[in-house]
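**Q** Next come the chains, spelled out residue by residue.
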Amino acid sequence: MHEMSVAQNILEIVREHVSAEEEYKIKTIRLKIGELAGIVPDSLLFCFDAVKNGSSLHNASLDVEYVSITAQCKHCGKTSPLDYGVFFCPACSNADITLLTGNELNIVEIELDD
Amino acid sequence: MSVITIERKVLAKNDEIAGLNRELFRKNNIFAFNLVSSPGSGKTSILERTLEYFNGKVKVAVIEGDVQTDLDAQRIAKYNVPAVQIVTRGGCHLDAPLINDALKNIDLKSIQLLIIENVGNLVCPANYDLGEALKIVVASTTEGDDKPLKYHEMFRNASVLIINKIDLLPYVNCNIETLRHNALRINPRLIIFETSCTTNAGITDWCDWIVKQIPPR
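Chains A and B, in that order, are what the protein sequence lines are. Mapped onto my numbering, the consecutive letters of the first sequence carry residue numbers -19 to 94. Mapped onto my numbering, the consecutive letters of the second sequence carry residue numbers 15 to 231.
Honestly, I wouldn't trust all of these hints.
[To be verified] Footprint (simulated), chain B over chain A, 3 or more residues, beta carbon under 8 angstroms: (1) -12 to 2; (2) 58 to 68; (3) 82 to 89.
[Stated by the list, open to error] List time: in silico BS3-like cross-link candidates among lysine-lysine, alpha-carbon distance up to 25 angstroms: (4) K12(A) to K23(B); (5) K71(B) to K41(B); (6) K226(B) to K41(B); (7) K27(B) to K7(A); (8) K71(B) to K226(B); (9) K7(A) to K23(B); (10) K164(B) to K12(A); (11) K123(B) to K73(B); (12) K12(A) to K27(B); (13) K27(B) to K41(B); (14) K123(B) to K226(B); (15) K123(B) to K41(B); (16) K5(A) to K23(B); (17) K71(B) to K118(B); (18) K41(B) to K73(B); (19) K27(B) to K118(B); (20) K92(B) to K71(B); (21) K92(B) to K123(B).
Calculated directly from the structure, the hints in this document are not laboratory data. Since we're looking at a predicted model, the values are computed, not measured. Glycine included, C-beta positions come from ideal geometry on N, C-alpha and C.
One chain only, chain A, in its complex shape:
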């Protein structure tokens, strides 16, 4: 339930990358969110709408790319996709794994109208 503060962080970071006039022109903010980032996407979209309202970024919307979980097994070395909440190597069942993707909570880029 910290989507509200995440939405506020997104606004702050975006503002650091554009001028005051450009803020009004922002159309899309592209994010990457991993399955393990602890973010409920619908909740983030809802919160973002709430924080952008009445602000200079009211034209902006979020475009989220969801990132699934992959891990490399330290035992057999194989890289595999993992189901949510399952933390062992599907190939050899070893639990000693390194997560490669799934923790992302990144702003990738923003798109502005000219």
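We have chain A; now place chain B onto it with these hints.
**A** Okay, now just chain B, sitting in the frame of chain A:
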């Protein structure tokens, strides 16, 4: 249409300040840990038993995080250690800037150990680095043995698991072996302690382990 590449973590600001906190701990030779759990698992009771055991021999400060009230800081202050209460007023977790502010009220040169008791919540605190050396998760037997499976992020991000309220095992629906198995399945590197704050079982082992983590001066 123009595109500006940002490539930045949304929590970058938090992580930046967590880095500053970590540097403060390093400079002052402080072992800092972040105590997390669901509400009512016994975090504050574990701190009380820990402070009793140390009995002033280890210089400790405590930061208490709660949604409301300073009841926990009052409990800790009885042990004559500096205790700073952070009231989040609805916030579901502590973040690095809150800790950085709280540190201004603690004489870091005079302590060896900083304990941060997070808001009782097994979800959000998992994602926020406070600058601590490690996260310690408490799971009490009254919560059952399936919490590691349900709240796996917290158990994955923790280095230590304290299984608390072991004195209640005969009365509750919790198999401690299943709990250990579930936790280790999620995170095979977890160090596990079993404690009871009523009988003091396991408190000595837990406290001795803490002492070993404190950097020499």
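**Q** Give a verdict on every hint.
**A** How the hints compare with the structure:
Check result for the stretch -12 to 2 of chain A against chain B: holds, 7 residues qualifying (beta carbon to beta carbon below 8 angstroms, three or more required). Restraint check on the stretch 58 to 68 of chain A versus chain B: 3 residues with Cβ-Cβ distances below 8 angstroms, three needed, restraint holds. By the rule of at least three residues with a Cβ nearer than 8 angstroms to a Cβ of chain B, the coverage given for the stretch 82 to 89 of chain A holds, with 5 such residues. Proposed proximity of K12(A) and K23(B) is supported: the alpha carbons are some 9 angstroms apart, at most 25 angstroms.
Note on K71(B) and K41(B): the hinted pairing holds, with a Cα-Cα distance of about 21 angstroms set against a maximum of 25 angstroms. Between K226(B) and K41(B) the CA atoms are separated by roughly 18 angstroms; this keeps the pair inside 25 angstroms, and the hint holds. Under the criterion of a C-alpha separation no larger than 25 angstroms, the hint pairing K27(B) with K7(A) is consistent with the structure, at around 24 angstroms. Restraint check for K71(B) and K226(B): the C-alpha separation of about 14 angstroms stays at or below 25 angstroms, so the hint holds.
For the hint linking K7(A) to K23(B), the alpha-carbon distance of about 20 angstroms falls within 25 angstroms, and the restraint holds. Annotation: proposed proximity of K164(B) to K12(A) holds, straight-line Cα distance about 24 angstroms (limit 25 angstroms). Taken as a hint, the K123(B) and K73(B) pair is honoured in the structure, with Cα atoms around 10 angstroms apart against an allowance of 25 angstroms. Straight-line distance between C-alpha atoms of K12(A) and K27(B) comes to about 17 angstroms, which keeps the hinted pair within the 25 angstroms bound.
For the suggested pair K27(B) and K41(B), the alpha carbons sit about 21 angstroms apart, so the restraint of at most 25 angstroms is met. A hinted pair counts as satisfied when its Cα atoms are at most 25 angstroms apart, and K123(B) with K226(B) qualifies at roughly 19 angstroms. The straight-line distance between the Cα atoms of K123(B) and K41(B) is roughly 9 angstroms, inside the 25 angstroms bound, and the hint therefore holds. The suggested pairing of K5(A) with K23(B) holds, with an alpha-carbon distance near 22 angstroms, which does not exceed 25 angstroms.
A C-alpha spacing of about 23 angstroms is found between K71(B) and K118(B), which places the hinted pair at or below 25 angstroms, so the restraint holds. Proximity of K41(B) to K73(B) is assessed by CA-CA distance (about 16 angstroms); at most 25 angstroms being required, the pair is judged to hold. At roughly 19 angstroms between alpha-carbon atoms, K27(B) and K118(B) fall within 25 angstroms of each other, so this suggested pair holds. A hinted pair counts as satisfied when its Cα atoms are at most 25 angstroms apart, and K92(B) with K71(B) qualifies at roughly 16 angstroms.
For the given pair, K92(B) sits about 22 angstroms from K123(B) by alpha-carbon distance, which is consistent with the 25 angstroms threshold.
In summary, this structure violates none of the numbered hints.
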